[in-house]
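Asks: Sequence:
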Amino acid sequence: MSASRLVSLSRKIIKPSSPTPLSHRIHKLSLMDQMGTHSYMAALLFYPKQNTTTSMPEPTKISQVLEKSLSKVLTSYYPFAGQVRDNSFVECNDIGADLSIVRIDCPMSSIFDHPRTYIDNLVLPFDPWFPSMDSLVAAKLCHFECGGVALGVCLSHKVSDGCSLGKFLRDWSMVARDSEAKLSPLFNGSLIFKPSNSSSFQVVDDPPLYKNESKRFHFSASKLKSLKSLTDSTTQIRPTTVEAITAFLYRCVNTTPSLLIQAVDQRGTSNDALVPADLTGNAILPFVVSATNKEEMNWERLVSELRKGKEKIQDMLKYIESEEYLCSKVSDIARELNERTSNNDIPMYRFSSLRRFPSNDMNFGWGRPRQVDISTLPINMFILMDNQNGDGVEVIVSLEDGELSALERNDEFLQFASPCLGF
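In this text, residue positions in the sequence shown follow the working numbering: the first is 1, and each later residue adds one.
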């Protein structure tokens, strides 16, 4: 596998097309934003030339479309063009977003012969866990010699979770196709999750980092049905797809003692929910399930603990109007998470679902992406995403190399999951 030659073509700071009004210059971070880490969310979108139903524009035209639409979308997503201050607020000073454009002298398909960490380094603007710039959002447009393009985007976790990243990319692509598109991001998180002014408020520590490899696996709709029926036969709870896959994968890793950390999105499915569906920012809370021995890895217990953990988090929303109570409970969650994950001798496995990630809506005018990826993570993590063709669920698995190899040899795992081969 020969390395691909990357040639930098340009790098620009893209500012909002209209200045942010003085009345919007201070965007308060919500309690959930304050709780978050300093890493970045990162997505990679691949658009091969031969995959489009419409003709691929010339490289110069593609660059112009992305620059103009990014400038336009930042007017609606104005906090993303600002700077975080003191874990308290975003100064919406229109500093802008970083956009770099490069040429990669190889066919797009050939980079998938390399490890995923190599692909991340090639396509992303920087390492999302070790950011090298102050911009809250940065993007990198890659032109391949075959005529295809890839777009790598990093967005600060201080102002965004995975759901917000997906909505930002969806809206950016919508503006690229129609400059008059009406966008409706809601930046009212601080009114729902009122921020803490206490110096003793507990934030989540950045997790210990490893040298991980990452691969993608597919659970087809038929295999999911079989998996869920298996859990149905051993538990009194009818598991959701996320619960079934999460419990199954944790069992397959089969490490005890260990910790399972599950992220729960608090957004409702409509804008009249306590936490609106279009809330932009962070609306994720984690909970922990522990397994100290093999007996605690059984189906019934894992599914039950996942359900109870989620319900406990959702019960907190009943007290959303009680600022002091909610702040105390969220701080307790962060403290518990930090305490239980502070022992580096106990393996931790993080799970997050991006099943509502709008991959098929990210059409900038040259068709939907053939593939949407999340960057390799230097932590043990499983990210669930809907299969883009509607056939079940795909899971992006980031594990230390030895654990990943063991998972790929696990007969129980391979009974339900298959590797996503190539591009």
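None of these hints come from the bench; they were simulated from the model. Treat the hints with care, since some could be wrong.
[Stated by the list, open to error] In silico DSS-like cross-links for lysine-lysine, where the CA-CA straight-line distance does not exceed 25 Å: (1) K211 <-> K228; (2) K308 <-> K28; (3) K194 <-> K12; (4) K194 <-> K312; (5) K228 <-> K15; (6) K308 <-> K318; (7) K15 <-> K49.
Asks: With reference to the structure, classify each hint as holding or not holding.
Replies: Now the hints, each set against the structure:
no.	hint	verdict
1	K211 <-> K228	violated, 33 Å
2	K308 <-> K28	violated, 32 Å
3	K194 <-> K12	violated, 35 Å
4	K194 <-> K312	holds, 20 Å
5	K228 <-> K15	violated, 48 Å
6	K308 <-> K318	holds, 16 Å
7	K15 <-> K49	violated, 29 Å
In summary, the numbered hints that this structure violates are 1, 2, 3, 5 and 7.
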